[in-house]
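We have chain A already, so just place chain B on it with the hints.
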Amino acid sequence: MTELETVIKEFLVESYENLDQLDQDLVVLEKNPENRERLASVFRTIHTIKGTCGFFGFSRLEKVAHVGENLLSKLRDGEMRLDPERTTALLALVDAVREMLAQIESTGHDGDKDHAPLIEMLTRLLQPKSEATADQGTGTDSTAANAGSQKGEVTEPVVTPEQPPVGEKPPRTRRRRSKTTRPSETQAVAALDNPPAPPESAHSATPEPQDSGIPATGKKPDPAGPEDSRLSTTVSESTIRVDVGLLDKLMTLVGELVLARNQILQFTATQKDATFLSTSQRLNLITTELQEGVMKTRMQPMGNIWDKFPRIVRDLALQCGKQVRIDMEGKETELDKTIIEAIKDPLTHVVRNAVDHGIEAPEVRKTRGKAAEGCLFLRAFHEGGQVNIEISDDGAGIAPDRIKAKALERGLISREQAARMSDRECIHLIFLPGFSTAEKVSNISGRGVGMDVVKTNIERIGGTVDIQSEPRKGTTLKIKIPLTLAIIPALIVTSGGDRYAIPQVSLLELVRLEGEQARKGIEMIHGAPVYRLRGHLLPLVHLDRELRSERPRSEQDVINIVVLQADDRQFGLVVEGINDTEEIVVKPLGTHLKGIPLFAGATIMGDGRVALILDVLGIAQQAGVVSEVRDRNLTELAMHAEERRDSKQSLLLMGLGKDRRLAVPLASVARLEEIPAALVERADSQEVVQYRGEILPLLRLTDLLGGSGSFDGSAPDPLQVVVIAEQGRSVGLVVDRILDIVEASVTMKDTMRCAATQGSLVIQHKVTDLLDIRSALRVADPSFFEQPVPGSCA
Amino acid sequence: MTTSRQFCTFYVNGLFFGVEVNQVQEVIRYQEMTRVPIASPVIRGLINLRGQIVTAFDLRQRLELGERPFEQLPMNVVVRTADGPMSLLVDEIGDVVEVAEESFERPPETLDGVARELIRGAYKLEGQLLLHLDIETTVQTGVN
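Listed in order, the protein sequences are those of chains A and B. The numbering used here numbers the first residue of the first sequence as 1 and each following residue consecutively. The numbering used here numbers the first residue of the second sequence as 795 and each following residue consecutively.
Check each hint, because a few of them may be wrong.
Listed next, with one range per pair, are the computed distances between beta-carbon atoms [what the hints assert, rightly or not]: (1) A:Lys344 - B:Asp906: 20 to 28 Å; (2) B:Glu886 - A:Glu674: 51 to 59 Å; (3) B:Pro863 - A:Lys344: 49 to 57 Å; (4) B:Gly878 - A:Gly577: 44 to 52 Å; (5) A:Leu277 - B:Gln866: 54 to 62 Å; (6) B:Glu858 - A:Pro588: 26 to 34 Å; (7) B:Thr797 - A:Ala116: 53 to 61 Å; (8) A:Leu277 - B:Arg914: 53 to 61 Å; (9) B:Glu886 - A:Ile695: 53 to 61 Å; (10) B:Arg914 - A:Leu250: 36 to 44 Å.
Bear in mind the hints are in silico, worked out from the structure with no lab data behind them. Bear in mind the structure is a predicted one, so any value in this text is a computation, not a measurement. Backbone N, C-alpha and C define an ideal beta-carbon position, used for all residues, glycine too.
Isolated chain A (complex conformation) (with noise of 0.2 Å):
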C-alpha cells in the first residue's frame, strides 16, 4: 500500500508541476491562439492527469480532466478558436484540478464536489457557439485540421467527431470495473514496473489489453504518447529530484567538512613534509569548491515565484476591468531556498497591489495620454551580494496629499506631523500597520493588511523595502534582500567572557570611549543610561546586563558601544569587547531556546566552538527601546531626520598631507578600512584591492586634488580607506588620515571651487574642504555613472 502511495505522491508532484505550465501556457495562448504547438502540450498536460488519474480511480477528477480535454482537443485541431471565455474556463479548470490534487494530497481521495458547474461550462463551450467566431472558427478549420493531422496523428480524426456527452461515459464505467475486479497490489505493481515513464503510458498500456471493448478513446492516449515518453525521457536524463532535506544534510557535513579542514590547515602550519602540505593544500580547495557546489544544490531562480505572477495578473486584470502586460527581466536570478519561499507571499501581494491600485483602467489612461493596457516590469538582479528586486508600473502613482489625509484620518500622523512631512515621507507611510487608501475594499487588496505585512517579511529575512512614487507616472518598489539566509556577516562581540554575534544588517557603528569620556561620557536619565552621539540622545543598553551575567567590574577605562537598528529606533549596546567582522553559518536553536528572545541563533566559529547570535529586536525589546507604539516613532523619526536634513549634516573629516581637511557627508560613507599597501593591485591603470568578494577601485585623493602640501612623500601604510557607495558601485578614497565625525551646518564660506570639491566651510575653527563626491568619481573614472538605465517599459 506504501508502494501505491509513493507512486501518487509522484504524480501529485508531477501534476502540480504541470497545472503551473499550464497556468503560463494559457496566458500565453490567450495572446497568440495560433500557437499549436503550446496547445499541444496543454492538451497533453490535461490528457496525462487525465489518464493517471483514471488509473488511480479518482473519478471526479477523472471527469474533469476529460472534459477540458475534449475541449482542448478540438482548439488543438483548430475546430475552435481559444478566446478569453475559454481559457477563463480552461484556468478554472486547472484551478478545480489543483484543488482536487489537494484533496488528494491531503485525504488520499479526490473530494465529494462535482465540479458540475465547471463541467457544464467546459460543455457548453464546447459547442459552437457564436455565428461570427464559429465562421471564424470554421474558416480556418480546414486548413489547421489538415496541418493538425498531417503531423502523423493518425488516430485524430477518429477522436474528434466523438460527440463529449457520450464520450463521456465509458471510461468512467470501465474504470469503475478495473478497480474493482483488480486488487490495488496489481496496480501498484504494474505502475512500478514502469515507474519513469509518464504515467499516461502505463495507463494506455494496463487497461486496454483488458477492457478490448472500449471504444475510440481508449485509443486517444496514443496519438501523444510517445511523443511525451522521449519527451520526459530526455528531462529526466538530465535533472533528478532531491529531497530538500538530504541537501540540508550535505550542507551540514560540508560545514563540519570546512572545520575539520581549518583544523587540518592549523597543524600544515608546524609540518614540514612536502607530500603533506600538497595534499592539505588539495584538500583545502576541493573543500571550498564542494562547499561552493553544495550552496548552489539550494539556489533556485526567481522565475519559480515570477512564472506564478502572468496568470495572477490576468486573472486580476480581468476581474478589475484593465489591460496589463507584465515584463520581467531577470527571471534566472538564483537565490536561496529559504529565501524563495520567504519572499514569494510579499511579492504576490505586491503585484496584485500594483494592478488593483496602480495601474488605471483603460479610459483613464487614455485620458492621461498613456497606453490602454498598463505595463507591470519585474526585474531582479544581484549588486554586491544582495539581489535586488524591483517591481514597477506606470500606473496612477501615489498621491502624497491623499495618503496624508488618510493617515490623519485614521490618526496615524498629527496635523502639524502632516505639514511638515515631506512627499517622501508620506508616501513611506503605506508601510504603517492598518494603513490603506483603497476608496473601497475589494475582495483582491484594500483591507490594510498589506504594505506593513510586506515590509515586515521582508524585513525578517534581512531585507529592505523602499518605495518611489510619481503621480500619474507610476510607482517603483525596490526590494533588497541577502542571497542566502545560511551565511550572513556578523560583528563578534564578547560579554561575561562569551563570545556572541551580532548580524551585520542591525549594525549602524562602533564608539569607544577611552579614559576620560568612558568616565564622562555616559550620563544618566533617573537611571536609564544614555550617550550623546552627535548632539542626541542615544539610550544604552547593557548585554551583560540583559544577559543577566554581570560580574562585578571597577571602573571601566574603555567603554565599547554597539550602535544598532531596531526597528524604527536606534540604541547603544554597551559590550565588554569587539573582535571582528566575520561570514558566520547560522544554524537554528533547539525549541527548548526558542522562547528566550534575546538569541536568533546559534554558529560554530572557527575554533569549533558555539557562539550564540543575538537578537536584535528581541534585545531591544526586553530592554524597552522599542515600545508598542511604533508608528509614532516611525513618524517621529521621519521629522528628527529631515529638521536634521535642514540644519546640519554628518561629515566625516579627513586629513590630507601636513595640515589640508576634506569633509565628506557621512551618509555616503559605507565603510571605513585600513588596507595593506601591500595588498593595492593593478587592473589597467587602476589601482584596487579586493574587498569582500569585490574588486573595489581605489582613488587617492592626493592625486586627485593636486600635491597641495605633499607630505613627506612616503605613503602610510596600512592605507586608510574611506568606501564611498554611490548608485550601488563603490569606490575606496584613499586619505592620509581619518580625523572625526562632526556635524556642521552645510554653509560654504568660500567657493573658490576646484573640479572635486563643493566649496570650503569651517568645522572645529579650521578650514575644511567639501569634497564633491560625485565630481570627484567623474575626474577619476567618468564611466563611472554611466550604468544601464534600468530598462524602463512604456
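Structure of chain B alone, referenced to chain A:
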C-alpha cells in the same frame, strides 16, 4: 517468552540510570560548552557535535541532585528525541545491560517530586536497581 531489552546505563550522583539503547545516538566524553544566559540552569550549554549544535541538559540539575563536584567533568549521552539529538550530562558511563521485562516494576507511591515525572520505573537487577529514565519528559524544559 521472556522479552528482554537493552539499556545504556550511567550514574548520576550515585544513582544507576538507564535509557533504551536504540534511543542513544552516541556517548562522548566531556565537550567544551557554550553557556546560554537566561536559560534554565538545567541547560548547561551548547556543544558542537560535528557541525550540529546540540543542547546539553545537566541531569544533576534536572533531577535536583545538587551540583557536580567542580573537578569532575560530566560525560555526554547523546539521545535521539522528537526535537533532534540532545545531550544528557551524566557523572559516569556504565555498561550496556540486558534486562528482562519481568523484572520491571513501576515506581512506588512514595516517590514524588521531579523524580516521579522522570523515572518510569525500576528494573530489579542483582544487587542494584536500574532506573528507567523517560527521555522525552527529561528534555521538556526550557526557559526559566
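Against the structure, the hints come out as follows:
1. A:Lys344 - B:Asp906: 20 to 28 Å: For A:Lys344 and B:Asp906 the Cβ distance comes to about 52 Å; the hint is violated.
2. B:Glu886 - A:Glu674: 51 to 59 Å: Since B:Glu886 and A:Glu674 have Cβ atoms about 52 Å apart, the given range 51 to 59 Å holds.
3. B:Pro863 - A:Lys344: 49 to 57 Å: Between B:Pro863 and A:Lys344, where Cβ atoms are some 55 Å apart, the hint holds.
4. B:Gly878 - A:Gly577: 44 to 52 Å: Taking Cβ atoms as reference, B:Gly878 and A:Gly577 lie about 32 Å apart, which means the hint is violated.
5. A:Leu277 - B:Gln866: 54 to 62 Å: violated, 41 Å
6. B:Glu858 - A:Pro588: 26 to 34 Å: Cβ of B:Glu858 to Cβ of A:Pro588: about 29 Å, so the range 26 to 34 Å holds.
7. B:Thr797 - A:Ala116: 53 to 61 Å: holds, 58 Å
8. A:Leu277 - B:Arg914: 53 to 61 Å: 56 Å Cβ-Cβ, so the 53 to 61 Å window holds.
9. B:Glu886 - A:Ile695: 53 to 61 Å: Roughly 58 Å apart at Cβ, these two residues keep to the hinted range, so it holds.
10. B:Arg914 - A:Leu250: 36 to 44 Å: holds, 38 Å
In summary, the structure is inconsistent with hints 1, 4, 5 from the numbered list given earlier, while agreeing with the others.
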